[in-house]
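Working from the sequences, and respecting the hints, build out all of it.
So that you can map any letter, position 78 of the sequence shown is 78 in this note's numbering, and since no number is skipped, the others follow by simple counting.
Treat the hints as calculated values from the structure; they're not laboratory data. Just so it is clear, the structure is predicted and the values come from calculations on it, not from any experiment. All C-beta atoms in this analysis are idealised placements derived from N, C-alpha and C, irrespective of residue type, glycine included. Don't take each hint at face value.
Said to hold, decoys possible - Straight-line distance between alpha carbons at most 27 angstroms, and here's what the computed DSS-like set of lysine-lysine pairs gives:
1. Lys152 / Lys127
2. Lys56 / Lys23
3. Lys23 / Lys62
4. Lys53 / Lys96
5. Lys79 / Lys93
6. Lys62 / Lys79
Claimed, not checked - Label pairs and their computed distance ranges (CB to CB):
7. Gly77 / Asp238: 50 to 56 angstroms
8. Lys62 / Ser39: 41 to 47 angstroms
9. Ser193 / Glu59: 39 to 45 angstroms
10. Ser39 / Ala72: 34 to 40 angstroms
11. Pro105 / Glu142: 21 to 27 angstroms
12. Ala194 / Trp84: 16 to 22 angstroms
13. Arg171 / Ser193: 33 to 39 angstroms
14. Asn118 / Glu142: 46 to 52 angstroms
15. Glu54 / Arg150: 52 to 58 angstroms
16. Lys96 / Glu142: 33 to 39 angstroms
17. Ala72 / Thr234: 49 to 55 angstroms
18. Glu142 / Thr234: 44 to 50 angstroms
19. Tyr87 / Pro154: 51 to 57 angstroms
20. Lys91 / Glu21: 29 to 35 angstroms
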Amino acid sequence: MAQNVHVADSRPLETTNRPDEWKIEQGLHGAKIPFLDQSGDITVEILPRQWPKEWKDDEAIKAVGNRDELFAAERDGWKGYVEWEKYPEKKAKAHKILTSQNFPPNPEFQLGPMPGTNPVLPGTHWKMWHTAIGGELSTVAEDSWATVLREKYPEMLHLLQFPYNGEPPKRLTTAKPLSVRAAWNWGLHVKSSAHRVKVYSINKKRPLTAHKLELSEKTGSPLAPITWPEEFVTQGWDEYKRFWAEHEPRDVDD
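Right, dumping it as structure tokens:
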């Protein structure tokens, strides 16, 4: 402290600034910035949302039924998969479970300092939603992270633990093999022998295709591919230059 300067002699500043005004001005305190309602004659500060206390309606959740039976696995070789689209009543029950309770907020990351951890964000809400529904979804988050640790590069930067989102350090962005920088894993695990393709519609101009599908269903034989690779000769540099020597580049308005 400078000589002959005493805090007790200083007059309090007559200001309407908040004590943390500097942090707000510098963008270091974004999560506490109020919204300014200037629709009226007087500017009104609308403070950031205050999260309500946790609550849970156990009776309403219990009335939904046995979650292990409602949301059980229904496809062999598919782990962590629940069919929703064909069963609207099942979807409604899952909705009832999620709306009969609230969940704590995620760690602030859009308006506050990024956590100095790896994984950076745990995916709190996604994990809790899956656990709340239960059944086949109970272990999806754990299975997803186990897959990441087993298959991804050890030095991957984990931005979101679940549903997984990561990226490699910049020094590895051109490294091989591709698995070094592969980033996605959404949790669902399907054995290669359990992959299936369901055809919802057939081109009406090709009724033979529908006939073949009917025969395949009756005999149980596997479906033939509907796309085939075609061999073609690549264009060399000499051919490329010769082509454009004979053809003027087209105008952008053509």
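Against the structure, the hints come out as follows:
1. Lys152 / Lys127: 20 angstroms, holds
2. Lys56 / Lys23: Measuring from Cα to Cα gives roughly 37 angstroms; hence the hint is violated.
3. Lys23 / Lys62: Roughly 47 angstroms between the alpha carbons, so the hint for Lys23 and Lys62 is violated.
4. Lys53 / Lys96: 19 angstroms, holds
5. Lys79 / Lys93: Holds - the C-alpha atoms of Lys93 and Lys79 are around 21 angstroms apart, at most 27 angstroms.
6. Lys62 / Lys79: 25 angstroms, holds
7. Gly77 / Asp238: 50 to 56 angstroms: 51 angstroms, holds
8. Lys62 / Ser39: 41 to 47 angstroms: At 45 angstroms between Cβs, range holds.
9. Ser193 / Glu59: 39 to 45 angstroms: Check passed, 43 angstroms falls within 39 to 45 angstroms.
10. Ser39 / Ala72: 34 to 40 angstroms: 52 angstroms, violated
11. Pro105 / Glu142: 21 to 27 angstroms: This hint holds: roughly 22 angstroms between Cβ atoms.
12. Ala194 / Trp84: 16 to 22 angstroms: Roughly 19 angstroms apart at Cβ, these two residues keep to the hinted range, so it holds.
13. Arg171 / Ser193: 33 to 39 angstroms: Given a distance of about 38 angstroms, which is inside 33 to 39 angstroms, the answer is holds.
14. Asn118 / Glu142: 46 to 52 angstroms: Violated, at about 18 angstroms.
15. Glu54 / Arg150: 52 to 58 angstroms: 34 angstroms, violated
16. Lys96 / Glu142: 33 to 39 angstroms: Given range 33 to 39 angstroms: violated, Cβ gap about 25 angstroms.
17. Ala72 / Thr234: 49 to 55 angstroms: The hinted range 49 to 55 angstroms holds for Ala72 and Thr234, with Cβ atoms some 52 angstroms apart.
18. Glu142 / Thr234: 44 to 50 angstroms: Holds - the Cβ-Cβ distance for Glu142 and Thr234, about 47 angstroms, lies within 44 to 50 angstroms.
19. Tyr87 / Pro154: 51 to 57 angstroms: 40 angstroms, violated
20. Lys91 / Glu21: 29 to 35 angstroms: Distance hint for Lys91, Glu21 is violated at roughly 48 angstroms.
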